[in-house]
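Using the hints provided, position chain B with the ligands relative to the given structure of chain A.
Number of protein chains: 2
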Amino acid sequence: MDKGKASKALRALLESYASLNHPPTYIEYLDDPPTPLEFHQIVSRNRPVIIRNAMNDWPAYTTNKWTPGYLSSKMGEMEVMVAETPKGNADSIVLHEGTKYFVQPHTASHPFSTFLTTLKSSTSNPSPSTVLYAQSQDSNLTSEYLPLSEDIPETIPWASISFSQPFPDATNIWIGNHHSVSSLHKDPYQNLYGVILGTKVFYLVSPLGVVGVKERKVRSATYVKTGEGFDIVPDPVSSSSINKEGEGEEGEEGMITWPSISLDEYFSLPESERSIPVEDVPDTDPWKWTKLSTPIKVEVKAGEMLYLPALWYHQVAQTVDEVEEVCVAVNYWYDMDFSGPFVSMVNYVRDMTELTMSS
Amino acid sequence: MDKGKASKALRALLESYASLNHPPTYIEYLDDPPTPLEFHQIVSRNRPVIIRNAMNDWPAYTTNKWTPGYLSSKMGEMEVMVAETPKGNADSIVLHEGTKYFVQPHTASHPFSTFLTTLKSSTSNPSPSTVLYAQSQDSNLTSEYLPLSEDIPETIPWASISFSQPFPDATNIWIGNHHSVSSLHKDPYQNLYGVILGTKVFYLVSPLGVVGVKERKVRSATYVKTGEGFDIVPDPVSSSSINKEGEGEEGEEGMITWPSISLDEYFSLPESERSIPVEDVPDTDPWKWTKLSTPIKVEVKAGEMLYLPALWYHQVAQTVDEVEEVCVAVNYWYDMDFSGPFVSMVNYVRDMTELTMSS
Ligand SMILES: O=C(O)CCC(=O)C(=O)O
Ligand SMILES: O=C(O)CCC(=O)C(=O)O
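If you're matching them up, the sequences are chains A and B in order. Taking our numbering, the leading residue of the first sequence gets 3, the next gets one more, and so forth. Taking our numbering, the leading residue of the second sequence gets 3, the next gets one more, and so forth.
Isolated chain A (complex conformation) (with noise of 0.2 Å):
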């Protein structure tokens, strides 16, 4: 097959995917929160949304409002479990000795309280010698946070009704501040984000732009506490234990696909940059690739909800709440729907775009 009419097809993929979805890096936000069957026909669209008002019946957001105080009031000496990193980048590619790993984060349990203080008082610090983000993805805001639990509802009645899901697959709460990036990567869920103190900054790029976020297969390793900060181990090549569920993909044992490029280093490209017209991207553009995917970066701020579709590569920062020094998110995991033909066909593009651009 001839590489370049392949290389053509999936560039018009793109643009055809940009010009059906007119403009592509436009977010859309709604006032009030969607009926089901709205809810719906933005899902089956698979575009993301900003949801505004969605949160005022949350007593998380409004009554008791999740200040760092009430917080510790009501966590106290609980232990929690705290991403530690020497720059903030937990699961993130790192070279490291000449080579480039997937590095997880060192964690610890900590009392919260403790956690909570430490945290606080780094957002002052420029430079921190160990970051902390109270990350674990393991809907722990119905096991480690608990107390928690009864200040957000356990479900949002409109994504439930849509989604026919009683209950969400999993509710994370986020602890953090500006030291800290989620590296870009995608989740097999539909996600409902909200934030509660603070801004979060989503950089995202569908999946069809598979091919601009330039996937690769690295090494797995971890970081690891020593007396002077943070060495990177790779992880034994028998285990098979890095690979969340569904996040990245492991070809062989040790080893995990992850995108390589960085959404922060794209977005500090000049605007007169990014907002060429994909069809004038030229083929000589370094950056080619990942303009003709059109990222987004949208800012979601405290009271806002984003809704991030299933399958979406995303890259998150924050900034603190001025006056409470640290950011708090709440997100919703419900199970994306398998059937149809959307799963096959964005692993079909994976498929096609590695075979397209493989030397």
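Worth flagging that the hints you see were computed from the coordinates, not collected in a lab. Treat the hints with caution; some may be incorrect.
What the hints assert, rightly or not - Calculated cross-link-like contacts (lysine-lysine; reagent style DSSO-like; alpha-carbon spacing at most 30 Å):
{"no.": "1", "chain 1": "A", "residue 1": "Lys10", "chain 2": "B", "residue 2": "Lys216"}
{"no.": "2", "chain 1": "B", "residue 1": "Lys5", "chain 2": "A", "residue 2": "Lys290"}
{"no.": "3", "chain 1": "A", "residue 1": "Lys303", "chain 2": "A", "residue 2": "Lys188"}
{"no.": "4", "chain 1": "A", "residue 1": "Lys5", "chain 2": "B", "residue 2": "Lys7"}
{"no.": "5", "chain 1": "A", "residue 1": "Lys299", "chain 2": "A", "residue 2": "Lys67"}
{"no.": "6", "chain 1": "A", "residue 1": "Lys10", "chain 2": "B", "residue 2": "Lys188"}
Claimed, not checked - What follows is a set of in silico ranges between Cβ atoms, one per label pair, in the way DEER data are often shown:
{"no.": "7", "chain 1": "A", "residue 1": "Glu30", "chain 2": "B", "residue 2": "Thr27", "range": "35 to 41 Å"}
{"no.": "8", "chain 1": "B", "residue 1": "Asp33", "chain 2": "A", "residue 2": "Met80", "range": "48 to 54 Å"}
{"no.": "9", "chain 1": "B", "residue 1": "Pro159", "chain 2": "A", "residue 2": "Glu30", "range": "39 to 45 Å"}
{"no.": "10", "chain 1": "B", "residue 1": "Glu79", "chain 2": "A", "residue 2": "Lys10", "range": "55 to 61 Å"}
{"no.": "11", "chain 1": "A", "residue 1": "Gly6", "chain 2": "B", "residue 2": "Ala110", "range": "46 to 52 Å"}
{"no.": "12", "chain 1": "A", "residue 1": "Ser131", "chain 2": "B", "residue 2": "Glu356", "range": "56 to 62 Å"}
{"no.": "13", "chain 1": "B", "residue 1": "Pro190", "chain 2": "A", "residue 2": "Ser126", "range": "53 to 59 Å"}
{"no.": "14", "chain 1": "A", "residue 1": "Glu30", "chain 2": "B", "residue 2": "Asp33", "range": "33 to 39 Å"}
As the list claims (entries may be wrong) - Incomplete in silico selection of chain A near chain B, CB under 10 Å:
{"no.": "15", "residue": "Tyr19"}
{"no.": "16", "residue": "Ala20"}
{"no.": "17", "residue": "Ser21"}
{"no.": "18", "residue": "Pro38"}
{"no.": "19", "residue": "Arg54"}
{"no.": "20", "residue": "Asn55"}
{"no.": "21", "residue": "Ile163"}
{"no.": "22", "residue": "Gly342"}
{"no.": "23", "residue": "Met347"}
{"no.": "24", "residue": "Glu356"}
For every residue, glycine included, the Cβ atom is placed at its ideal position computed from N, Cα and C.
Frame of chain A, contents of chain B with the ligands only:
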């Protein structure tokens, strides 16, 4: 690019689709009309479904039941356009003097009651010299057949709400007998197809199965009635009107891309041949790609309504009502949603299928 690998990826796409929509040749029946949300859940899965009791309040189906006698009493001598062909093969590929043509029917205007009398009398004729089919798909129920439109609703409420479209784009009546078959094709519409008299037999292939329907680019032509019967006259090359909106695809003037297989032939294969699981279909099987595309055959009986998702290939045969000797159906075409990833991905699968299968 390695063609073997591209072919494997295409096969993996079809195997994945079959396994995620299991069994892939299954069609769901609803005993009652869905709610708008339930219907949207079906639509977003892009899977066909048969709905019972959806026409219980249609005068066409109940009170005034559309018998030929009733239809003639309402329409009288009003002129209607009728497709005339030698073998009931409107819009199909025909081998003529060593060349394959896409042949459109001869069309002629007839007084309705004359047409219906001739049609009925041809039902018991094993090989009529001319096969008649009233199938002028131009929203004929709101034009030619206006007197009949009061017997059916202007729109299907749960579909209108679900699609956010107050009215369909077109409403058509189809009147024929077992001599007519609509050849395999696809439409860029959401289709709700209700049978009033007789039975329609739908042969279906999902949009991913483009490889299985073996599209070929052929010259377009039209049947012309002569003293002895029919002649096939190639369309003048300057004509570009042969391409009904969205049906087929015109590369060059006077050429059209159209499925070349007959699913009637496919379904004459023994059941044991067809029910082989996709993963066991041998590469040497001449029907390999069609089998991997898992065609569905379903009878839609009087009183039943088929939801035929946009872009599904369909070939349609019919059998008459035993007493009334005709087959009568009504369908609603609603605009499909071109936003989201689906249309771009279907076109990509089509492009890559062409590159993969071309020698
Ligand atoms: O908030 C974050 O840091 C990451 C969120 C995320 O990846 C998710 O909700 O799936
Ligand atoms: O009933 C038929 O003969 C064909 C129906 C059809 O092609 C359609 O409804 O799109």
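Taking the hints in turn, this is what the structure says about them:
Between the alpha carbons of Lys10(A) and Lys216(B) the distance comes to roughly 22 Å, so the proposed pair stays at or under 30 Å and holds. Under the criterion of a C-alpha separation no larger than 30 Å, the hint pairing Lys5(B) with Lys290(A) is consistent with the structure, at around 25 Å. Taking the CA atoms of Lys303(A) and Lys188(A), the gap is about 21 Å. The hint holds against a cut of 30 Å. Straight-line distance between C-alpha atoms of Lys5(A) and Lys7(B) comes to about 13 Å, which keeps the hinted pair within the 30 Å bound.
About 27 Å separates the Cα atoms of Lys299(A) and Lys67(A), which keeps this hinted pair within 30 Å; it holds. With a C-alpha separation of about 25 Å, the suggested pairing of Lys10(A) with Lys188(B) holds against the 30 Å cut-off. One distance hint, 35 to 41 Å for the beta-carbon pair Glu30(A) and Thr27(B), holds here, with the actual separation near 38 Å. Look at Asp33(B) against Met80(A): about 51 Å separates their beta carbons, and that is inside 48 to 54 Å.
For the pair Pro159(B) and Glu30(A), the supplied restraint of 39 to 45 Å is violated, since their beta-carbon distance comes to about 27 Å. A beta carbon spacing of about 56 Å between Glu79(B) and Lys10(A) agrees with the range 55 to 61 Å that was offered as a hint. Between Gly6(A) and Ala110(B) the CB atoms are about 49 Å apart, so this pair conforms to the stated range of 46 to 52 Å. Under the hint 56 to 62 Å, the C-beta atoms of Ser131(A) and Glu356(B), about 57 Å apart, fit the expected range.
About 58 Å separates the C-beta atoms of Pro190(B) and Ser126(A), a value consistent with the hinted range of 53 to 59 Å. Between Glu30(A) and Asp33(B) the beta carbons are some 36 Å apart, a value that agrees with the proposed interval 33 to 39 Å. Hint status for Tyr19(A) relative to chain B: holds, with the closest Cβ pair at about 4 Å, below 10 Å. For the restraint placing Ala20(A) at the interface with chain B, the shortest Cβ-Cβ distance is roughly 9 Å, inside the 10 Å limit, so the hint holds.
With a cut of 10 Å, the hint placing Ser21(A) at the interface with chain B holds, because the nearest CB-to-CB distance is about 9 Å. Hint status for Pro38(A) relative to chain B: holds, with the closest Cβ pair at about 5 Å, below 10 Å. Annotation: Arg54(A) was flagged as interfacial toward chain B, and the flag is violated, the nearest CB pair being 21 Å apart, outside 10 Å. Violation of the interface hint for Asn55(A) is found here, the shortest Cβ-Cβ separation to chain B being roughly 22 Å, above the 10 Å cut-off.
Because the closest C-beta pair between Ile163(A) and chain B is about 7 Å apart, less than 10 Å, the hint holds. Because the smallest distance between the Cβ of Gly342(A) and any Cβ of chain B comes to about 4 Å, under 10 Å, the interface hint for this residue holds. Contact between Met347(A) and chain B, as hinted, is supported at the beta carbon level, the nearest pair being about 4 Å apart and thus within 10 Å. Hint on Glu356(A) holds. Least Cβ distance to chain B is approximately 9 Å, under the 10 Å limit.
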